[in-house]
Amino acid sequence: MPAFPAAIPSPSASTGASAMLRLLNRPEPGVVSLVGAGPGDPELLTLKALRALQEADVVIHDRLAPTAVLDRARAEARRIYVGKRRGEHSVPQEEIAALMVAEARAGRRVVRLKGGDPFVFGRGGEELEAVRAAGIEVDVVPGITAALGCAAAAGIPLTHRDQAQAVTFVTAETRAGGTGPDWASLSAANHTLAIYMGVAGAAAVQAGLLEGGRAADTPVAVIENGSRPDQRIVTGRLDGLARLIAREKVVSPALLIVGEVAAWAQSQAVVQEAAA
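Under my numbering, the first residue of the sequence shown carries the number 2, and numbering increases by one thereafter.
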């Protein structure tokens, strides 16, 4: 028979489950934190996000988490890149979930670092569900999402008493075979649209909103790398949105703001598109 300790203390407030596991030479269960990295400026990390990064054993991050944010993690933490780009999914979502679970089961403190906020177009809900289903402890650390951080960096109020009584966050990218946004329902005046992942589909966004009844001269602003040192803002009209993005060679990450408030865009890097 295998040898066991002469006496294994029963769990108590002073001993606890962790001590029991150490006595049995089993790793303590790890934890997973889904952490929002914000729009890119490391100073926009929350205190809770910073603490999670500084306590992490493993940081699993996407391409929207810049080096300046990753540098806030504990120096000894292992960094694992699982970024996705349109048409170039380096790691399938199922494998990302399996990786988080495996690292946590090995007793590690795992930070899943996601650009913006994990629950705003970040698949945070899917990852939360997968980790919970595996019986792993998980918590969510919200981040400043791109719509808030980029708009603020560009000097654009998403709502305004005279110009915008509502704001909607919408993604222009849909799953294969999925249903796209109902642009007609999003075409009301005095309504701000913060459009994620809209660079590649700018022509469809433009056509959908115009067909839905949005005025051709509605101001638009495109914020590239919002809140970062290389932030760039280009502005124009809705009927010239696709041409503006193509002419200025806008690349992701970029946020599209459509609505009267987009005319507030202020930056030394603004490029004004001529009226169509």
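If you're looking for bench data, these hints aren't it; they were derived computationally from the structure. Here a beta-carbon is modelled for each residue, glycine too, at the ideal position from N, C-alpha and C. One thing to keep in mind: the hints can contain errors.
[To be verified] The calculated label-pair distances, taken between Cβ atoms and stated as ranges, are:
#1 Ala217 - Thr47: 26 to 32 Å
#2 Val252 - Thr47: 25 to 31 Å
#3 Lys85 - Ala134: 27 to 33 Å
#4 Arg133 - Leu48: 37 to 43 Å
#5 Thr68 - Ser186: 36 to 42 Å
How the hints compare with the structure:
In this structure the hint that Ala217 and Thr47 lie 26 to 32 Å apart at CB is violated, the actual value being about 40 Å. Distance hint check: the CB atoms of Val252 and Thr47 are about 27 Å apart, consistent with the given range 25 to 31 Å. Roughly 22 Å separates the CB atoms of Lys85 and Ala134, a value that falls outside the hinted 27 to 33 Å. As the Cβ distance of Arg133 to Leu48 is approximately 25 Å, the hint placing it in 37 to 43 Å is violated.
A beta carbon spacing of about 40 Å between Thr68 and Ser186 agrees with the range 36 to 42 Å that was offered as a hint.
Checked against the numbered hints given earlier, this structure breaks hints 1, 3, 4; the rest are met.
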